[in-house]
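S.K.: One letter stands for each residue in the lines below.
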Amino acid sequence: MRWGLLALTLAFLAYPLILTNPFYQDAGALVLLAAISASAWNIVGGYAGQISVGHAMFYGAGAYLPLLLYQHWHLPPLLGVPLAIAVSLGLALVVGFPTFRLQGHYFSMATLAVAELIRIVVSNWELLGAAIGLQGPAVSPNWWDLTFRSAVPYYYIFLAVLALLLAVTWYMEQSRLGYCLRAIRAGERAAKSLGVPVRRYKLYALMLSAAFTSLAGSLYAFKTGFVDPDSGLGILVSVQMIIVAALGGTGTLVGPLLGAVILVPLQTATNTWFGGGGAGLTFIVYGGIIVLIARFEPGGLMELWHRLTAPRTRRSPAPRHAA
Amino acid sequence: MLLSAEKVTKRFAGFTAVAEADLTVEEGEIVGLIGPNGAGKSTFFNCVAGDLAPNAGRIRFAGIDVTHAPAESHARLGIGRTFQVPATFEDMTILDNVMVGAFLRHHSRAAARTKALQVLELTGLKDQAGLRAKSLGTPGRKRLEIARVLATEPRLMLLDEALAGLTPSEIQRAIALVRDIHKLGVTIVIVEHIMEVILTLAERVLVFNQGRVIASGKPQEVIDDPAVIEAYLGRGHARAARRE
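Chains A and B are the protein sequences, given in the same order.
Under this note's numbering, the first residue of the first sequence is numbered 3, with each subsequent residue one higher.
Under this note's numbering, the first residue of the second sequence is numbered 51, with each subsequent residue one higher.
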């Protein structure tokens, strides 16, 4: 386990040094970015089992605010990062506070509605670039603008953020919060009966998740130097986080990373093969993956792995019932 | 007095499931709630556990009014409960299930783990600690639910048909477990419709019928009560019993 972790870390560290083709370096950075947002989603969607379909609102806040500061006031985009996190935490409270009193799909519906509402408002708001979007610094005057020509610096920044996020998630997993979140996911009524403050813990999970999703959005904006309503706030942004996490395994530490490693190159490949007409194809690929996961392995690839490696004799004999 | 419920009434859209039910439980007692199906004992039980808010009446635990307190505060105060249909956390291991309970009073993982292992030892689940809850059968799940509650260190344990669906030998083991828990100083209220269980365990029983408490007292006295026989077996049997 420890050696595996070390090998994995080394592989990720060495990747852009071994594959020096800019195309692969860029693809690697995209994999890490997808892994960050899916891992962030996983905190509330996986561990706590509260399926958000609107994480694009946090991602969008993260992407828009740094570029907004730069484009309109020529402030360092980096200042927008904490601001975006604060806005995301506010949004998390607005969505989570009323809906976490209820069980079931109310939270999912509320996140979807709020995210779409924000997308539509932003699409019509001149200050935020309306349908055209915002742009970042074209040529970097300062290093703190985080504008690099090569993908390699981004790759390592993303890797560091991902490592931080996974460390936080691991710490949470081992703590009281992690145990209680998994209990909430497994059965809210039973969790309550054991004294778990269900609503409060769901809110904590959502806020932690929102903060990191916002950070992922900011990283995206730094790398592309551009955001518009579709790339920052579109429904596909939210859906991609869900698919990546679900493919690897929701509620597991490395599931989202595994999902990103598989799915993002697949996306890049289909986009290359099918050229510019690939935008709609992404939906078809996502749809197909949803169907396959739901039908064959709702726990994702991590669960499949556990099932295949588990000893056969794990099940106790079937319960006998008195006549 | 540890628990007192006064004139608890619960209505569902015009249907009165529990009507002015009273119950007092002293520290250290084992009290049974019995009655035919649909008598309102589970609804009453859920009112006491904080899962349902009664329409009228008042419930006090250790001097604190808990009538409208949320379910999670009940656990903190020391009221633990099991579910009629076991609500174990299926994908979590047996140890992790119990640790969720233990985290209520132990904040560090190590302390919660120690407490959970201690409870697993007591409930005879220690050998299966690393297995997922879904690998257990019905008796195991019921046992796990009891273990989980025990880890919250309750003063009062509410058992909702914790023995239903078990074979006679499993029932004997479960009765022994309830006795062990009682010996630890935990007060127990048990809902059950297996008479044998109530007769061997409870010191005092309340009989529910059609939402009302129709009899209460020592188990032997209560089962000879014509009103109780009538509720369980119908009027004809009650008359026959009187003639004997």
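Don't take every hint at face value.
Partial pick of chain B residues on the chain A-facing surface, computed with a CB cut under 8 Å [claimed, not checked]:
| id | residue |
| --- | --- |
| 1 | 59 |
| 2 | 62 |
| 3 | 99 |
Covered stretches of chain A (in silico footprint by chain B; criterion: 3 or more residues with CB under 8 Å from a CB of chain B, positions within the stretch not fixed) [stated by the list, open to error]:
| id | region |
| --- | --- |
| 4 | 172 to 180 |
| 5 | 238 to 252 |
Keep in mind that the hints were calculated from the coordinates and are not lab data.
Beta carbons: idealized from backbone N, C-alpha and C, even for Gly.
S.K.: Let me make sure I understand: some of the numbered hints might not hold for this structure. Which ones are they, in numerical order?
M.R.: Numbers 1, 2, 5, in rising order.
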